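Produce the complete structure using the sequences and hints provided.
Keeping their order, the protein sequence lines are chains A and B.
The UniProt record's numbering puts the first residue of the first sequence at 1, with every later residue one more than the last.
The UniProt record's numbering puts the first residue of the second sequence at 1, with every later residue one more than the last.
Be aware that one or more of the hints could be misleading.
Stated by the list, open to error - Mimicking DSS-like on lysine-lysine, the simulated pairs with C-alpha atoms at most 27 Å apart in a straight line are:
id : chain 1 : residue 1 : chain 2 : residue 2
1  : A       : K26       : B       : K339
2  : B       : K185      : B       : K123
3  : A       : K100      : A       : K144
4  : A       : K279      : B       : K233
5  : B       : K198      : B       : K146
6  : B       : K275      : A       : K26
7  : B       : K87       : B       : K58
8  : B       : K292      : A       : K140
9  : B       : K233      : A       : K278
In short, the hints are calculated from the structure, not lab data.
Bear in mind the structure is a predicted one, so any value in this text is a computation, not a measurement.
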Amino acid sequence: MEKRRGPPPCQSQEGCSNPAKIRKAKDGAQLCGPCFSKNFEDDVHETIVNNNLFKRGERVAIGASGGKDSTVLAYVMKTLNDRHDYGLDLQLLSIDEGIKGYRDDSLLAVEKNRVEYGLPLTILSYRDLYGWTMDDIVAKIGKKNNCTFCGVFRRQALDRGAFKIGATKLVTGHNADDMAETVLMNVLRGDIARLERCTNIVTGEEGDLPRAKPLKYCFERDIVMYARTNQLEYFYTECIYAPNAYRGYARKYVRDLEKVHPRAILDLIQSGEKVSVKKEVEMPTLKICERCGYMTSQKLCKACLLIEGLNTGNTDLGVRKSKKSKKVIVETESSKEGEGGCGSGGGGCGCAGAADETENEETRKRLKDLQF
Amino acid sequence: MNFNEFVTDLDGKRCVKCEKDAKFTGVDPKKAWYCQECFIQMVRNKFRSALSKKKIYKDADARETLIVFDGTPSGAFLLHQIDDALKQITYKRLMVKPTVLVLVSVTDPEKIQHVMDRVQDIKTALLENVDWIIAHVACCMYTEVKDFDNTKCNGTEKIPEYIEMLSACTVPTYREELKRIMREKCLQKISEALHISKCMVPDDADILGRLAIDQLCLGRGGSLSPIVTVLDKRNNFMLIRPLCDVSKKEVVIYNYLCGIDKHCIQIAGTNSEVKSVQSLTDSFIRTLEDEKFYSTINTVLSTASKIHNTTSGKDGSHCSLCFIESADDLCATCLAIRKTCTGDLINRFIQ
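See the structure below:
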């Protein structure tokens with residue numbers, strides 16, 4: 001019996017005769033490099049068109065961290081915008097969390113993207129916005145729960161940055177694995193409100209700045225292969241503070257799932273898409289933060305609560321549900337009545353009533369510069 | 001799970017109910033501790049409240065219930081609860097007319113005989129005066145309604161067909177899921193044959209929590225509620241899971257304290273090395289528990305009880321294999337299962 005030698009032929013539908021080099025994780029198709037790239041881009045284009053993600057003439061901010069997902073997102077968005085004439089004004093937006101040896105290096109990768117793709121870049125830092133860098137926060141609270149701070153701050157920072165550059169939409173590089181992980185995390189945490197909306201391809205439509213996820217159905221492994229095939233330079237070091245996160249367990253589980261039963265990734269997303277909260281279950285209502293005006297379901301938004309905890313030394317505030325934390329916030333509320341600030345006198349928080357006047361001035365100046 | 005695995009704390013803890021020395025705790029040792037009597041009462045209350053909250057036995061005409069005993073500690077616990085509830089002479093008496101169904105899943109004839117021998121012993125200690133039926137899970141393969149014999153293990157002649165159908169499923173995850181679906185089909189068939197519409201299964205919180213995550217990974221997130229909560233109403237059949245709030249740990253401690261751990265049937269299982277979504281979920285939950293995230297299962301089940309399908313109630317049609325809400329004859333998962341099956345035995349379950 002004759003043995004087959006070498007790689008199988010490319011399974012592209014366009015009748016390509018090249019040998020296959022890549023197995024697409026999403027559907028197992030064996031493709032050559034160019035067909036894989038074309039197939040990947042067509043997938044993203046289909047997602048964009050089927051979900052009417054953009055309107056012609058929109059200014060779209062691309063959340064860019066310098067990692068593989070955002071690098072691929074920026075490249076694909078630019079490629080598709082040119083190829084299919086979406087008519088979008090694309091701009092890169094980065095957040096500097098202030099993590100030495102991690103974010104400063106990854107921002108160099110974003111800077112390269114700016115030059116190579118010819119897209120304008122805006123960088124905002126946690127220090128400017130909140131008065132704290134992640135290094136400061138970890139020095140204060142330790143490595144446990146620091147991802148809670150980073151995640152909450154980054155979300156708000158991206159929104160504020162997008163407003164600053166006049167974008168009407170923000171796109172992020174969340175991929176299928178991230179979505180699957182998020183569905184799982186929301187179930188494990190019992191966060192039904194987020195579970196119901198976390199798989200929406202566009203979120204925040206009720207507010208001023210909708211967020212879209214064009215890579216929602218792209219597998220992480222395919223994104224890595226796409227970056228390699230197109231020789232995209234990205235920063236691939238894991239965040240130095242991330243390993244202790246609870247999400248790490250979910251991430252490992254999702255990665256194992258992908259190896260054993262790849263379809264489980266899309267099935268997890270589908271599960272999230274099918275979920276609806278029963279009528280009789282009480283849901284939080286969306287309000288405005290009394291201090292900074294950001295959307296929240298409580299009196300204060302999570303970022304203000306976390307900053308308050310950092311500035312007052314009660315670092316459990318907004319992280320753990322404890323009677324002590326609640327008591328502290330009640331006390332802080334009553335003691336600060338009339339001030340309207342979050343007590344971040346020493347930290348330069350963006351709230352209106354920061355305690356220290358000098359810092360207050362500085363904060364106001366920063367906010368003015370940012371034109372929120 | 002063995003009783004000796006649990007550490008009993010005698011270090012000055014007080015029972016949260018009666019101020020006696022506390023010795024036992026439920027899932028989370030950081031939460032409530034109980035003395036022996038209050039622990040037993042607490043576990044019993046969980047069982048009784050699962051039934052009473054849903055008012056399952058409100059209707060006086062339909063009290064006949066199939067009580068499934070599968071030889072596990074949870075199965076023995078369920079039998080003991082029913083036995084205990086029937087003996088109550090106060091208002092606490094559970095108004096149920098039980099028929100015990102011993103559900104056999106081993107396929108080796110010697111092991112089946114061992115199960116039958118053990119059942120004879122157990123019958124003398126628990127629910128002696130009610131009907132007992134022994135049936136193999138392969139009863140799911142019957143195409144017609146059949147009379148069940150009280151003196152033998154019913155359905156053994158269908159074991160080869162059952163094994164053939166499972167072997168025809170080439171994806172391990174789907175094979176495991178098919179086993180679960182077939183178990184439910186089997187219970188439904190036996191219920192129909194015996195004209196008993198209610199069926200109580202010994203699925204505890206640990207099993208249901210894992211099942212919830214498995215089902216999420218199979219794309220059935222919207223249908224979690226009927227799959228893992230206390231009540232799953234189907235056309236003329238009702239699956240009841242009264243142990244949905246009781247953890248395996250609580251069951252094992254309860255069984256030990258009440259002396260019913262000897263009523264389990266221990267069968268050496270074959271440790272499958274094949275990886276599947278189900279085996280990954282099991283090890284994922286174990287890791288979280290080892291890392292002291294004790295409330296994972298409770299949170300997952302609580303989440304599952306609060307959600308439903310986005311298309312819920314729009315047309316009321318169901319998947320003919322797994323019975324979740326589906327606009328098509330087969331839901332997407334069952335369609336994928338059928339595609340991975342090489343034979344046509346599975347087609348007899350599809351309308």
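So, going through the hints one by one against the coordinates:
The hinted pair formed by K26 of chain A and K339 of chain B meets the criterion: a straight-line CA distance of about 18 Å does not exceed 27 Å. Between K185 of chain B and K123 of chain B, the direct Cα distance comes to roughly 26 Å. Compliance with the 27 Å bound is thereby established for this hinted pair. Proximity of K100 of chain A to K144 of chain A is assessed by CA-CA distance (about 18 Å); at most 27 Å being required, the pair is judged to hold. Among the hinted pairs, K279 of chain A with K233 of chain B is consistent with the structure: their alpha-carbon atoms are about 19 Å apart, no more than 27 Å.
A C-alpha spacing of about 18 Å is found between K198 of chain B and K146 of chain B, which places the hinted pair at or below 27 Å, so the restraint holds. Between K275 of chain B and K26 of chain A the alpha-carbon distance is near 20 Å, which keeps this suggested pair within the 27 Å criterion. As the CA atoms of K87 of chain B and K58 of chain B are separated by approximately 19 Å, the hinted pair is consistent with the 27 Å bound. Proximity of K292 of chain B to K140 of chain A is assessed by CA-CA distance (about 24 Å); at most 27 Å being required, the pair is judged to hold.
A distance of roughly 17 Å separates the Cα atoms of K233 of chain B and K278 of chain A; the hinted pair therefore holds under the 27 Å criterion.
In summary, the structure agrees with every hint in the numbered list given earlier.
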